[in-house]
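Colleague: The task is simple: from the sequences and hints, build the whole structure.
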Amino acid sequence: MPKVTSKLQLTVPKAIADQYGIRPGDELQWIAAGEAIRVIPAGKNNLNEQERPVKERLELFDQATQRQKRRQARACKIVSPADRGWKREELYGSSLPD
Numbered sequence: 012m013p014k015v016t017s018k019l020q021l022t023v024p025k026a027i028a029d030q031y032g033i034r035p036g037d038e039l040q041w042i043a044a045g046e047a048i049r050v051i052p053a054g055k056n057n058l059n060e061q062e063r064p065v066k067e068r069l070e071l072f073d074q075a076t077q078r079q080k081r082r083q084a085r086a087c088k089i090v091s092p093a094d095r096g097w098k099r100e101e102l103y104g105s106s107l108p109d
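If you're matching positions, the sequence shown starts at 12 in this note's numbering and goes up one per residue.
Okay, derived cross-link-like pairs now, DMTMM-like style, lysine to aspartate or glutamate, Cα gap no bigger than 20 Å in a straight line:
id, residue 1, residue 2
1, K80, E70
2, K18, E38
3, K25, E38
4, K14, E46
5, K18, D37
6, K25, D37
Here are the in silico distance ranges between beta carbons for each label pair:
id, residue 1, residue 2, range
7, L69, R99, 48 to 54 Å
8, R34, W97, 55 to 61 Å
9, T76, R34, 30 to 36 Å
10, K88, M12, 35 to 41 Å
11, L21, Q74, 28 to 34 Å
12, T76, I48, 22 to 28 Å
No lab work stands behind these hints, which were simulated from the structure alone. A quick note: this is a predicted structure, and the numbers were derived from the prediction, not measured. Yeah, the Cβ is synthetic: ideal placement off N, Cα and C, and Gly gets one too.
Modeller: Structure follows, in structure tokens:
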């Protein structure tokens with residue numbers, strides 16, 4: 012984890028810099044976001060949420076909603092005991108000697 016130097020500078024981890032195309036000399040935008048700080052590469056078409064057109068913001072929201080629904084559907088697949096293909100008695104009885 013990067014540490015802040017005495018000059019209030021920090022090093023961007025290489026993996027993050029590579030992922031977002033950050034190069035020496037690039038400017039970063041710092042935005043206070045409640046208890047967190049968002050760091051956005053300036054000039055990379057990363058508009059502030061309020062600067063995005065309403066239609067685009069709604070499309071992004073709809074996409075995020077669909078992703079969340081897919082995640083929840085995968086996480087909530089509960090198999091009922093009848094659908095398992097075995098019974099509890101069979102499971103415990105199979106280890107007993109004949």
